[in-house]
Structures are given as structure tokens and as C-alpha cells.
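There are 2 protein chains.
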Amino acid sequence: MKLATLQQGGRDGTLVVVSRDLGRCRAVPAIARTLLAAMDDWATVEPQLRQVYEALNSGAIEGEPFDQAACHSPLPRTWQWADGSAYLNHVELVRRARNAEVPETFYTDPLMYQGGSDGFIAPRAPIVAKEAWGIDMEAEVTVVTGDVPLGATPKEAAKAIRLVMLVNDVSLRHLIPAELAKGFGFFQSKPASAFSPVAVTPDELGDAWQDSKLHLPLVVHLNGELFGKPNAGVDMTFNFGQLIAHVAKTRTLCAGSIIGSGTVSNKQGNLWGSSIANGGVGYCCLAEVRTYETIEQGKPVTPFMRHGDVVRIEMFDAQGASIFGTIENQVDTHSLDK
Amino acid sequence: MKLATLQQGGRDGTLVVVSRDLGRCRAVPAIARTLLAAMDDWATVEPQLRQVYEALNSGAIEGEPFDQAACHSPLPRTWQWADGSAYLNHVELVRRARNAEVPETFYTDPLMYQGGSDGFIAPRAPIVAKEAWGIDMEAEVTVVTGDVPLGATPKEAAKAIRLVMLVNDVSLRHLIPAELAKGFGFFQSKPASAFSPVAVTPDELGDAWQDSKLHLPLVVHLNGELFGKPNAGVDMTFNFGQLIAHVAKTRTLCAGSIIGSGTVSNKQGNLWGSSIANGGVGYCCLAEVRTYETIEQGKPVTPFMRHGDVVRIEMFDAQGASIFGTIENQVDTHSLDK
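Top line first, the protein sequences correspond to chains B and E. Per full-length UniProt numbering: the first sequence = residues 1 to 338. Per full-length UniProt numbering: the second sequence = residues 1 to 338.
To be clear, the hints were calculated from the coordinates, so they are not data collected in a lab. Errors might be hidden in some of the hints.
Heads up, simulated BS3-like pairs for lysine-lysine below, C-alpha to C-alpha not over 30 Å straight-line [as the list claims (entries may be wrong)]:
| hint | chain 1 | residue 1 | chain 2 | residue 2 |
| --- | --- | --- | --- | --- |
| 1 | E | K249 | B | K130 |
| 2 | E | K155 | B | K130 |
| 3 | B | K267 | E | K182 |
| 4 | B | K159 | B | K299 |
| 5 | E | K299 | B | K130 |
| 6 | E | K182 | B | K182 |
| 7 | B | K249 | E | K299 |
| 8 | B | K182 | E | K249 |
| 9 | E | K159 | E | K249 |
| 10 | E | K130 | E | K182 |
| 11 | B | K182 | E | K159 |
| 12 | B | K249 | E | K130 |
| 13 | B | K159 | E | K182 |
| 14 | E | K130 | B | K159 |
| 15 | E | K155 | B | K182 |
| 16 | B | K213 | B | K267 |
| 17 | B | K155 | E | K213 |
| 18 | E | K249 | B | K299 |
| 19 | E | K155 | B | K249 |
| 20 | B | K182 | E | K130 |
| 21 | B | K182 | E | K267 |
Just so it is clear, the structure is predicted and the values come from calculations on it, not from any experiment.
With the rest of the complex left out, here is chain B:
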């Protein structure tokens, strides 16, 4: 089943069921006005939404044309956004670039940060920030959970996965070093994220959803050029069940919580071989190519995003059809710089 939220009807938007081909949609006020409300009562709501989904796919319901540009993030705001760093290749590169070792515990104890969930930007909204802050994208896979009890095991946690989405976890790289040096983690360096127009239930992903991982390439374009297509199912050290269980060790999770994978990153040889131009799978953030440059050339060369730059993030099924729709964020530094 595919779901989206239109930017209308209030702060939490309007829930629509979307056809598999992303062509049509249908609001369902009699079932649930918003996706956030649907999460609260999923067991009751889900079967009703599925009926609409089937009818939309079969043509029994015509629905309206689905416009991704009219969408908000599926949850425009929610209770919890916790982001992992499950692709340790990315962490290894960052550490190698500053001659630091990756602690052994990083391979058994997930690295996660507590994000802010009070306002996400729309999938096609601009990223409003200053160039001096070092604007970067991070393409990731995320899940939305149901209620998760305190102390849930990874297996129990995996069963609480209700929806899958993509995200652009915007990062302000030049604010990170000073902020992390203070010891309390990310804060100003992690502004509002943008999620994919469409959230899908795991069954929708078929064989690509295995072991609580999404085994498909995550496709990133920067200013129209292919920049990355690493497989999100490869080199993911912790699956989503493990990430959720990490959060649940000392507290419960409320239905509607979003858990992220961290920047998707596949192990590759070196700067030359990792780039798309030379047959590599590329990168899901600018920081990663900059670490290769630092390791091999002494300093980063690729700039962070500038005013007008556009990042596009999407994922396609085996038949080449877009699963989640397209995140497309253009950087707007003018609103703040002036």
C-alpha cells in the first residue's frame, strides 16, 4: 500500500491513498484525515486503507490525479525522529580522513542521534540555509513504527515497522565540528529533513525487503547528474529491527516514530573507482566524496551545495518504476544571506 499527505487541511496535511503507479490518489476522510492520526489507530485503519488501495489499483475507484509537487512529507511533523548511522563504511571513511580509528564497539552498538521532528520540509521544498554553514544532503532509507514497548528485541522491533520512506537528512557540515566538540551531539547542524512524497508498507517492496533492510539502489542526482546509486541493502551493519531496539532499550516509542538508516554508503576502493563516472556506485552525500579527496589528496575539493543547487533522491523497482516518488530540494541561501 502507498500513502501520501497533501499540503492542505491543516498542519498535518491530508492523507491520501496513492495508486501503485503513483498516477492517482484518493483522500479518505471517513477512515483517517491524516497519516499521523492513522498511525495512532493502525490496526483498525490499515485494512480499510488497503481496500481503497486495491480499488484504486483495479480501477474500481477512479480517484484524482496524484501530484507529487502538492505533497508534504508523509508525516509533516511527528513525535520522534531518530537517525542511525548504520552504513559503517561512511563512518570508516570519515574517521580515516582525520586519522582516527573506528572504535570496536561501533560494530556492535549502533550510532544514533536524536533528531528534531516538529517540522519537516516538503519533498519539493527549498533548503533554506547559509552557504557558510556547509549545506549537504544525506540520502537515506527510513521506517515509521507502530508503538514499541520498552526493552523490545530487534525481532519484536522489526514487527513494529509500518511504513518505509526515503529522506534527505539535510546536514550543515561546517556547524558540525564545533557542535560535536561541545559533547551534546548534533543540534543546529541538523535542520529540517525532507521525506519522500510517498510512504509504502513493507509488503509493497516484495523481495527487496528482507531482514529489515531495503535491497535496492538509492538513486541520487545532483544538478541533473547521477551522483550516487549505492544499494541500501549492502553494507548496512545494523538493520532497522536493531536500530529500533537500540532506541527502545530505555524508553518506549510512540506510533508514528521515524527511524533512519543514516547516509547509505557501499564499500568501494578509492576516489577514482567510487565515482559514477568511473563505474562506481557514487555517494549519497557530498561529505563522502570529500573524505575520499581528503584521504587521497590531502584536502576536500568538491564544494558543498550552493544557492540554486538541486538534489534529487529516488528509488526504482525492478521494472524501473519509482516506488516512493521523488525528493527534489533546491538550495535557497538568499532568503537568509540578505
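Since chain B is already given, all that's left is putting chain E on it; use the hints.
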């Protein structure tokens, strides 16, 4: 005006207007069913709630008896919970205990961590955790904001303060060192917090609310004994306007966001003189007395909370009346230890 949320009517509870003396209350479903919903539409809702408040205080409306034990946290869950560390005395003590200096920037750039807001515990709920995690309370003052735009100044931010509450920001001290060493800040070490039964508008605090600070002693009892009564208006390096502006530097804040002060802490001489028994104002967390012990005696002596221990947090006006009601959390380690 005083507001509270009863543990009934759904996940977000039921909003009640509470009389100034905390004796009576009145549900207001025709105005707003929940405090969370009221925050979304504050400009419209607030004057209507105030009418009920005045009528309740004057006796024009009788209302029902108000039972603090029936309350949930005023916002049982919300969109944002960001906690500062504005009483630098606490930070200075912690650093001195490990022979580290406080960086100069700490006096100009607030230290804040991103908390989880998807599920707070009720004011009288148990703290369910393991003794091995090092269970501690942190008594703090917090504010609930309206919408705050990106880049708001401290003055603009101060105007967005809608409500004031107390909080017990439960901390798991033994999980902190390893977690902070990972570099991404607190996560498992900050389980669900408990807020005061009652949230009040700043005008309710009279002269005690000045310069976006609450100038009254925060009273903490541990197992029935007075443990701390530092003045929350003293030694607060950053006021709430500054803390909110810190959050808003790179992102907006949604109405209903909670911003915390950090553990209240007044500058005092030493271990002997700082304790209540010897005429000091005591402490708002066990970690603080433990830092004094470490500095003066080489190691901490006072234990963290054990099964059955009870912490009580409250604040009184000049006439000795409770402003926010009482937070009272008893530690329950048995549910998890077995």
C-alpha cells in the same frame, strides 16, 4: 491561567482548566479537547480558556475537584523537546570533577541537547529503569512555545513563550560516558521525562517571571527529605529567549515545542556549605553532590537512585502555595531487572 491534562480520552489526554489554588478544574471540549490541539490554535483558544479560568477562580463555575494524581504530563507527547544546560555552575562542577576546563564559548553559546518527545511519563508515574544504569533526577524549569520562525532573535523568541512547567529530566548517568564518547550526544541515557501536573501562563508568575527567567526556588525532596531549593532565577547564564533562539538558528519551532533550562544549580562554596543540612541551597540532581564529593574527596559517595526511592519536585509562590503541583516519581527497577 493554569492548565492540566487528565489521563483520559486518548493518547493526548483531556485538557482541563485548573483553578489558581489547584483545587478545582473544568474540561473544555467545546474550546479544545487537548492541550496539544490548543497550542496549534493558541491565539483563538487562549482568550476562551481564560474566561473559563476566571469563572473557575471567582466561583461562577463550580468545576470538579482537581486530582493531581489523575494528571498526565500537560503534553503527554509533543513535537519537540530540547533541553539546555543554562546553569553553568553545574557544568563547571562536572568539568572540575574530571580536571577539565569549561571552554570560553560555553558562556556565549548555549549547550543544548535534542530530547525525545514521543512519550513523557505522568507526573506521578514510576521511573522504570535498571539500577545499573545510574538513575538520577534533574529538576528543571521548562517553557512551551508557540510557532517560532527560523532565525528568531532572543527577544522575538521570548515573545513566543506560552506556558511554563517544571520537569524531572530523568538521566541514566552510567550510560552517559560511553554514549557521549561516541560523539552523537545523549540517547539511551535520557529516557522519558515527567512534567509537572500543571502548566501556567507566564503572567501567572507575576514578578517572579522576569527577563525570561523564573525567579523562585525549585524545591526538591528525596525520600521525604529536603534535598535542594536553588533559585531558578539565579546563575542562569542563558534565559529562555536565548535558549529558544539557539534552537531557531537553523530551523523553525512548531507550536507545542518544549524548551528546558537544564538542571537548576546555584553557585555555592563547597560540599559542606552547599548541602541543605549546613545551610546551603542543595542540589537538583544527585550528580551535582557527587561532583562536589569527587572534587573534595576523590570519589563520589552519594549513590544514585535505588528501587523505591522517591523524588518530589515543586515550586511555591510568595504565599507558600504550590504553583505547578507536585512531580513525584518513584524508582521501579524490578519491572526491568527481573
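Status of the hints after comparison with the structure:
no., hint, verdict
1, E:K249 <-> B:K130, "holds, 11 Å"
2, E:K155 <-> B:K130, "holds, 22 Å"
3, B:K267 <-> E:K182, "holds, 22 Å"
4, B:K159 <-> B:K299, "violated, 44 Å"
5, E:K299 <-> B:K130, "violated, 46 Å"
6, E:K182 <-> B:K182, "holds, 13 Å"
7, B:K249 <-> E:K299, "holds, 29 Å"
8, B:K182 <-> E:K249, "holds, 17 Å"
9, E:K159 <-> E:K249, "holds, 16 Å"
10, E:K130 <-> E:K182, "holds, 22 Å"
11, B:K182 <-> E:K159, "holds, 28 Å"
12, B:K249 <-> E:K130, "holds, 11 Å"
13, B:K159 <-> E:K182, "holds, 28 Å"
14, E:K130 <-> B:K159, "holds, 25 Å"
15, E:K155 <-> B:K182, "holds, 25 Å"
16, B:K213 <-> B:K267, "holds, 17 Å"
17, B:K155 <-> E:K213, "violated, 46 Å"
18, E:K249 <-> B:K299, "holds, 29 Å"
19, E:K155 <-> B:K249, "violated, 39 Å"
20, B:K182 <-> E:K130, "holds, 28 Å"
21, B:K182 <-> E:K267, "holds, 22 Å"
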